[in-house]
Each structure stands twice: as C-alpha cells, then as structure tokens.
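**Student:** Listed below are the residues making up each chain.
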Amino acid sequence: MTSNAAGRERLTLMLRARRFDEALIRRAELVCGVFHVGVGQEATAAAIVLTRAPGDVVMLNHRSHHHLLAGGADPESQFAEIFGRDRGPYRGRNGTLHLADPECGVHYTSAMVGGTVPLGLGLALARKRRGEPGIAFCCFGDGALGEGLLYECFNIAQLWQLPVVFVCESNSRLAAGTANSAQSAASLTDLPAAHRVRSTDADATDPGAIQHAIDSAATEVRGGGGPRFVLAQSVPWPGNSSFIPGLPDGPTDLERCRLEAQGWDAHDPILRELRAMVASGLDLQEVLAEDADIVDEMEAAAAGAASAALAPSEAAFENVWAEA
Amino acid sequence: MTTEMTYHDARARALFRELDANPDMLLLGSSVTLPFNPDIGLDARYGDRILTPPIAEFATMSIATGAAMAGVRTLVPISTSSFMFYGWPALVQEAANIRYLSAGRASAPVTIMIHAGSRRGGGAQHEHTPQAMLQNVPGLRIYTPGTPAEIDGVLHAALTGDDPAVIVDHVLLFDAVGGVASEPLGSLGPQLVRAGSDILIVAYSLMVQRALSAAQILEGHGISAAVLSVPSLRPAPVEAVCELADAYERLLFIDESRAAGSPMTLLMARLFEHGSRARAQLVCTADAPAPFAVHLLDEIVPTVDRIVSAACG
Chain A
87 MTSNAAGRER LTLMLRARRF DEALIRRAEL VCGVFHVGVG QEATAAAIVL TRAPGDVVML
147 NHRSHHHLLA GGADPESQFA EIFGRDRGPY RGRNGTLHLA DPECGVHYTS AMVGGTVPLG
207 LGLALARKRR GEPGIAFCCF GDGALGEGLL YECFNIAQLW QLPVVFVCES NSRLAAGTAN
267 SAQSAASLTD LPAAHRVRST DADATDPGAI QHAIDSAATE VRGGGGPRFV LAQSVPWPGN
327 SSFIPGLPDG PTDLERCRLE AQGWDAHDPI LRELRAMVAS GLDLQEVLAE DADIVDEMEA
387 AAAGAASAAL APSEAAFENV WAEA
Chain B
13 MTTEMTYHDA RARALFRELD ANPDMLLLGS SVTLPFNPDI GLDARYGDRI LTPPIAEFAT
73 MSIATGAAMA GVRTLVPIST SSFMFYGWPA LVQEAANIRY LSAGRASAPV TIMIHAGSRR
133 GGGAQHEHTP QAMLQNVPGL RIYTPGTPAE IDGVLHAALT GDDPAVIVDH VLLFDAVGGV
193 ASEPLGSLGP QLVRAGSDIL IVAYSLMVQR ALSAAQILEG HGISAAVLSV PSLRPAPVEA
253 VCELADAYER LLFIDESRAA GSPMTLLMAR LFEHGSRARA QLVCTADAPA PFAVHLLDEI
313 VPTVDRIVSA ACG
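Just so you know, the protein sequences line up as chains A and B, in that order. Take 87 as the starting number for the first sequence in this note's numbering and just add one per residue. Take 13 as the starting number for the second sequence in this note's numbering and just add one per residue.
Hint data in this document are derived by calculation from the structure and do not stem from the laboratory. Small disclaimer: the values here were computed from a predicted structure and weren't measured. One or more of the hints may lead you astray.
Claimed, not checked - With a cut-off of at most 20 Å between alpha-carbon atoms, the simulated DMTMM-like pairs for lysine to aspartate or glutamate come out as follows: (1) A:Lys214 with A:Glu306; (2) A:Lys214 with B:Asp36; (3) A:Lys214 with B:Asp60.
Make the full structure from the sequences, and use the hints.
**Tutor:** Written as structure tokens, this is what we have:
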C-alpha cells in the first residue's frame, strides 16, 4: 500500500472513532456514570486495526471506544450498550467501562488499571503452547505503569518469550526530568528496558509514525523475538476530564487543516494526517463528504440507541455461572 | 470398586488422572507438592507441563486466567492461602467476571489451589481462611474437600468444569484415610459421612475430620452424632442442607473461618429462613489473628474438644 493509500484508510478509521466519541459527549446525560473517550489517541487504534492479523487478540481498558469504532464495531449497538439498552451486546451490563464487541474479536474488557495486560499474556501463552499463530496487543495507559502488575508482566513476558506487544497509550504531560508527574523514571521506556523488553518511543499524534512503530513491533514479535513495548505518546486533549469529558472547542472542524496549526490542533492526529495528505494532493472535498456521512451515521446511531428499550431486569442475572 | 487411601494419595492420584486426561493443561507453579507435602513425583512426570513463574502471584494468577480464556486449562498451586491476596484482583475482578461481562461468550475456568486454615506454626500471616471472603464473589466456585473421596471428586470437577474455581486444601488433611471409588464422585453436594440421630454436625475441609473425631467421643457419652461434609460452598448448597437438617433438633455448624461472613453463618441464616426450629450452634475460629505458639492457636480454632463441648452443652 502506498503511504497515501494507507493514510487515507487510517483517516476513515480515525474519523469513525472521533465522530462516535463526539456524538457521545453531546449525549453525556444519557450515560449513567463517568466515561472516557479516545480523542487524540485514534491513530494508535487505527494502527493496531491495520496491523492485526487473524488469530491476534487486542486487549483494551476503560478507554476503549476509539479502538472498537476504528475496529469496525457497530456504532448503534455500542451506543445502546453505553446507554444501558437491551440491544447492546451485553444488554447494559457492561456499559462504557467494559465495552467490548465480539464481532471485532474483543470479548472482554477489564476496567482495572493494567488488568487486561496479564490476561493478554495468558492468551499469548496459550497460542505459544499450542503452536498457533497470533500475538496479543495489550493496551494500557501511562497510569498503569504505577501498578506493580506491569513490572511482573514485563518480567514474565521476557522470561517466557511471550508473543506480546505492550502498547502504552500515554496521554500524560511530560514533566521536568521525569516521564510524567507520577513517575520517577526519566522515560516510560526505561521501565520495560530494565527487563530487557525492547521499546520504541513513538509520536502517537503522527499517524504514520505510530503505524510504523506498531507494525515493526508486531513483525518482530511474530518472528519469535519475544515481547516488545511501544510507547504511544499523545498530547492530552483539552476536553478530557477525570469524570465527564466535554467539547470545549466544539466538534472537530476538518477545514482547520487549511490553517496553520494552533494549540492542540497541532497534536490532533486527524488534522495532522489530513494536513499532510492535502499538501500531497488529496482532494479535501472528498474527505469532507465522507466525514459528513460519518457524522450523520453516528448521530442516527446515537439517536436510535437512545430511543431503544432498556434492558429488562433478567439481564442482570444472566451468565453468572456455567450451565450445570 | 472402592479403595482405602490417604487424602494425600487420593489427591496425587486425581491430579495425575486429570493431567493425563487433558494434555493441554498447564500448572503455573508446582507447590502442590512442596514445601508442605511429600514429593508426589509431579515434576518428574509432568515437567514440560509445569511453568515456574517468579514470585509474582498477581501476574501469575492473571496469566493463568488469560490462558484459560483461550482454552488452555490452568491450575495455579498457590501454596499458603494468604499468598493469593497479592493476586486477588485476578480472581475477584477478572476470572469471576469474564462470563458475565462477555455475555457467556468467554469464560476463564482457571483453578487456584490453596492451603488454607491453620497449619500450626504459621502465625498471623500464613493461616488465613480466604473462603469466607471469596464466597462474596458471584461466578467463583469454592471447593472445600474434607475426605479422600471428596478431593478426588473436587479435582475432577474443578479441572473439567467451566467456571473459575478455588480449591481450599488443608495441610492437616493429608493423613486422613477414607474410601475412594474408581470414578470421581458424581455429585459434590453435601455428603453424609457419618450417620447419627441426636445431632447433625455440618462442617467442611479439615473440620470434617475433627467432627468425625468428636462424633466418636460423643458416642461414648451416649450422643449419636451425624456428620455432614460440604465439599462445595459456592453456589451455596442451601436446599440440600435444609433438607437433611430437617430431621434433627440439634445442629452444630463448624467453620475454621471467623464468624463474620463465614460460609457456615450463611447456611445457618438460610436454614432459619427456611423455617427450621432446631437449636443451632456455631463453632468457629475466634476473632483474633492466628498466634504462632500452638497452645495459643488451640485457644482460638475449633478443636475436637471444643466441638465435643458444644455438642454436650
């Protein structure tokens, strides 16, 4: 695939993720509880979607919408799950925190910080023991590197040479002298390095760069070289919050790619991709037309989900135990 | 055909049988034998099936859960039960929730094996009873074998079932002798291990053996005590216990856990809800951490003497 064709495909995946989250933020009152969006981190999701092969697994966390939407999840059923509706894939039991999509091969999402990382190691171990193809992409935030669990995982993945790509989606600010305000290490890549897990430090706001990093790491892991760590560093999006995200600058305006990037726009992977592609001859109108369709699709999906029936009470009691 | 054997031999036999029946099965850690058990030859016979992780219970129990999700059955021998506290989230947050949060499309039938209760000389941090805490986790099976036949059946059920499971093993059970059939028990519901007419003693794990010893002494006092063993605590066998208990005016529940939130207090509460008018007593471990000195330990745990006194009282 030419770099332009790859970029064009990424752009569609990123826009689907972005417009889903924006439509959700506009309906925050329909979500019972806090939720987390992936605005600014879509390039990492698109890179994994375009890199993964049959047999691979992708393990997500509490911030998962961008991965699922870029991965092809049906927006109306995902909105329905988040709004507690019966037609969500989990009938409202999972909501946003445990969002998953069996159609995308994501059966289970742990919202424990770092929780799905060792599960991914276990899935990788099973593949390795059986001689089956497939690697595990384990996605976690920079905060997970405060948990001792991750260090146990680096150690064991390297000791047992497990086919795992650790994907650290860092959206923290850099601090003076250390990786961030919650880390004493100078760089997050120093942490896997202590266990001799090889790392790449990639700019997750540059879609081509993060795609290259994920691709290379996955290729090395598939080749049997043990685990790899990719630091996907993005720049915190101003709409993020510990509780309910907002849209302080309104929904993303793709026309801003014509202007010189200012503020967070300079770190928006979608505007960066678009700006570069327009400069190399892409027809912006064609993208704007596609984007308008995506916005309409997401709005219709959210409205459809919002008017769907709530899950009935029996949904709370299903699938606790195996059938006898 | 039924063969008399020790609990320890029954356990080794059952473990070998299950490993042979499922060539994919892995052990993460081998402390099913050491440091408290005689070597059963596990390492020699199944060396390639035993992975030895670093001392990292959280990751180990989680990796075992992940492998189980992928269909590779895993048994994690944790040894001393309190070590599992480091891996608590793997079991409580992940394994037990996977079926629920995947709408039944995934499950994680990982088995964790622990040596629970007072092994004597372990002290405050090595003599816990996590079964009391774990019974509050929906989706998690808790097995508490108290006889050779029960450990045989429990290993089969846990290692072929579709739910995550904890086998609450006990170091002081190893020498207990009993009959074991050639096929594992078909049901792990409450087992009447001794018949009697005056009083029903309900117990699990090591307390079953103590109840049997107490019943023998009680016979000398002219009291005919039946002993009911509960080898599977979760889901709680409420109906089966209520049905059997209906025939008795005196009930004695023995639990090595502390009373608060213990498995036996749940059964007692359900029994009264069911309408029982029997006089029921609970003998459990007192509300103190386990002291190191065994004469002090015997002040807090349900000893045979304490069970006898309660039955006579």
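**Student:** For every hint, state whether the structure bears it out.
**Tutor:** Taking the hints in turn, this is what the structure says about them:
1. Pair hint Lys214 of chain A plus Glu306 of chain A holds up; C-alpha atoms about 15 Å apart against a cutoff of 20 Å.
2. For the proposed pair Lys214 of chain A and Asp36 of chain B, the alpha carbon gap of about 12 Å is at most 20 Å, so the pair holds.
3. Taking the CA atoms of Lys214 of chain A and Asp60 of chain B, the gap is about 14 Å. The hint holds against a cut of 20 Å.
Comparing the model with each earlier hint shows no violations; every hint is respected.
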